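Construct the complete structure from the given sequences, taking the supplied hints into account.
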Amino acid sequence: MTNYIAALVDELYQLGVREAVISPGSRSTPLSVLFCEYGFQVYVSIDERSAGFFALGIAKEKERPVVLVCSSGSAVAHYFPAIVEAKHSHVPLIALTADRPPELRQVGAPQTIDQIKFYHDYAKYFEELALPEEREGMYRYVRGVMRKAYVSSLDRGYGVAHINIPLREPLSPDLDEVDFTAGRLDYPFAWKTGEKRLTMDSSVTMDSSVFQDKKGIIICGGDPYADYHREVLELAERLKAPLLADPLANFRNDDHPLIMDCYDAFLKSDAVKMELKPEFIIHFGQTPVSKRLQNFTAMHQDVLYFQVNDHFQYREPSLSISRYLIASPKAFAQSIKVYNTNDDYPGRWRHYQTRMRRRLNLAQDEEELFEGKLVQRLQDSLPEGSRLFVANSMAIRDVDYFLEARQQRIKVLGNRGANGIDGTVSTALGVATSGHPTVLLTGDLAFFHDLNGLLIGKNHGLNLIIVLLNNNGGAIFKYLPQSENKYFELLFMTPHGMDFSGLKTLYDLTYYEPVDYESFEQNFQEALTLSGVKVLNVKIDARLSKELHDRLTNLD
221 MTNYIAALVD ELYQLGVREA VISPGSRSTP LSVLFCEYGF QVYVSIDERS
271 AGFFALGIAK EKERPVVLVC SSGSAVAHYF PAIVEAKHSH VPLIALTADR
321 PPELRQVGAP QTIDQIKFYH DYAKYFEELA LPEEREGMYR YVRGVMRKAY
371 VSSLDRGYGV AHINIPLREP LSPDLDEVDF TAGRLDYPFA WKTGEKRLTM
421 DSSVTMDSSV FQDKKGIIIC GGDPYADYHR EVLELAERLK APLLADPLAN
471 FRNDDHPLIM DCYDAFLKSD AVKMELKPEF IIHFGQTPVS KRLQNFTAMH
521 QDVLYFQVND HFQYREPSLS ISRYLIASPK AFAQSIKVYN TNDDYPGRWR
571 HYQTRMRRRL NLAQDEEELF EGKLVQRLQD SLPEGSRLFV ANSMAIRDVD
621 YFLEARQQRI KVLGNRGANG IDGTVSTALG VATSGHPTVL LTGDLAFFHD
671 LNGLLIGKNH GLNLIIVLLN NNGGAIFKYL PQSENKYFEL LFMTPHGMDF
721 SGLKTLYDLT YYEPVDYESF EQNFQEALTL SGVKVLNVKI DARLSKELHD
771 RLTNLD
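This note's numbering applies: residue 221 is where the sequence shown begins, and numbers increase by one.
It is worth saying that the hints were derived from the structure and are not from the lab.
One thing to keep in mind: the hints can contain errors.
Mimicking DSS-like on lysine-lysine, the simulated pairs with C-alpha atoms at most 27 Å apart in a straight line are [claimed, not checked]:
| hint | residue 1 | residue 2 |
| --- | --- | --- |
| 1 | 724 | 759 |
| 2 | 511 | 766 |
| 3 | 766 | 488 |
| 4 | 511 | 724 |
Here the structure is a predicted model, which is why all the values come from computation and not from measurement.
And the structure:
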C-alpha cells in the first residue's frame, strides 16, 4: 500500500499541486502521512466543513488545484457546502476521500456510508480507485487517475474532482520503504489548453452593424481569474459603452470615466431604467451582485444581449441572453474593432453616476457608526496589494454601494457561487495564505456561522484582519418584504446577543471594539502591524443603518 499511495502523492506534486488540507482520521492515515512526508504545504483542520472552504480560499487566490483529504463516513458529507460553492464559482479542488474496502460496506461497519459519486453533479469528475497493490502497473494506474483528476479540475471552467480511495488495514505506511518515484514516467505528463478565439460568423450576426453607432453597456460580473481588464476597458472606449463594474470584477481599481460603480443605487428608479435603455449589452463574468441591475436587463428583453465566457454557463436570471459566445473574453474584446463617436448615451450614465456618488459620499458626514462610511474608511486604509474578502448578505451589498472606483491596487473576493454565508472565515484564511495583507469584511451571522474556521488561523499562524459589522442579527431582512411579517424578529432578524470578546481567550486572537471612527482607524492601523488573527467588532444600530441606506441611495 505504501508505494501505491506514494505514487499518487508524487504525481500530484509533479502536476503542480503544492497544498494539501487535511482533516485527521484513521482511514485516511496513509494519505495524510505521505503528504506530510513528501513536503507539501500541509494545513490541518479538524472540521471538514471549514477545511473545504479553507482549501477553496487557497485555490481561488493561487489559481491552482488544492487537495482535500478526509476520512470515511460523515467527514465526506461535511465537504459538501464547499464543493457546491467550488462548482458554482469555478474553483479547482481535488477531494481525496478515504473509504472502507468493499467487504466492509453494507454490513454495519462504523464510519461507513455510500461515498460513490457522493457529490453528484457538483463534482466535474469522479473515480473510485482500485484497492492498493504493490506492483509497477498499479503505480502507473494510480498516477493516471491523478492526471485525470488534475486536468478535470482545470478544464472547461475550474471545478471539483472527487477520488474515492478504499483502503484496507494496516493503515500506517512504511516510511523506511517508501519510494515516491514508483511508476514515474520518463517524460513528465504535460497539459495545456489553447485560448478559445472568436470566429466571425453570420449565424450570430457578428458584424459591425451590431455595435456601430449603437447605445450599449458592458456588464462585468465577478471573476477572480480575470486577465482581460485592459482589453475590455479598451473595448468600452471604442464602443463608448458605460462599463458597469461589479465589486468582485475588480475593475474598480481604475477611475476611468466610463466605469460605473454605483449603478445599483440610481437604477432604483424605473424612470432612470427606461431613460438609460441600451440597444446592446455585453456581459463578462458571473451574475452581478446588484439585483437592480438584473431588473434593468429584465425590463429590456428586446435588447441584443451577448454573454461571453470561455466555457458555457448561463449567467443571467432574467433569461435575456440572445447571443452566447464561448470564447476568451480577452480575444472577444480585441476582435471588436468598431469605433463609436456619440458621447450622449455614456454622458447620461455619467450624469447619474456623478449625482449618486456625491450622495453616497455624504456618508462621510455621519457621526454614528454606519456600514457605508466604514467601507469608505476601510478602502482609504487598505495597503496596496491587499485582499479584501467580502461576506455575503449585507456586507457585499455595502461594498457594492460604497466601494469607489479609483486608482488603487487591491483585489476584492467573495463566495458568490452559491451566495451562502457558510465558510466565510475559512475561505478568507485560505486567501491569507498568499502572504498579502488580507481583510475579511463580514456581518455577525456569517461570522458566527464559521467560528470553527478561526482554529486554522490560530494553529497555522495566519494573518487576517476581520472587520465585523455587528448589527445583532440578520438585518438584511429589514430591506426585504419579510420585514413586514409578524414573526420578523423570531424568524428573520434572529438577534443573538453574543459577546464575541470571548474569542480572544478561545482562539488567542487580538480583539478590538471600536466605538467611533477614530478608534476604528487607530485599531485597524495597529492590526496591520500585528501577526495572527485580529477582530474589530464594530457594533451597528440596524434601525439607524436602514434609515441612512434609504436616505443616501435616494436621488430625489
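Hint check results:
no., hint, result
1, 724 <-> 759, "holds, 17 Å"
2, 511 <-> 766, "holds, 18 Å"
3, 766 <-> 488, "holds, 16 Å"
4, 511 <-> 724, "violated, 37 Å"
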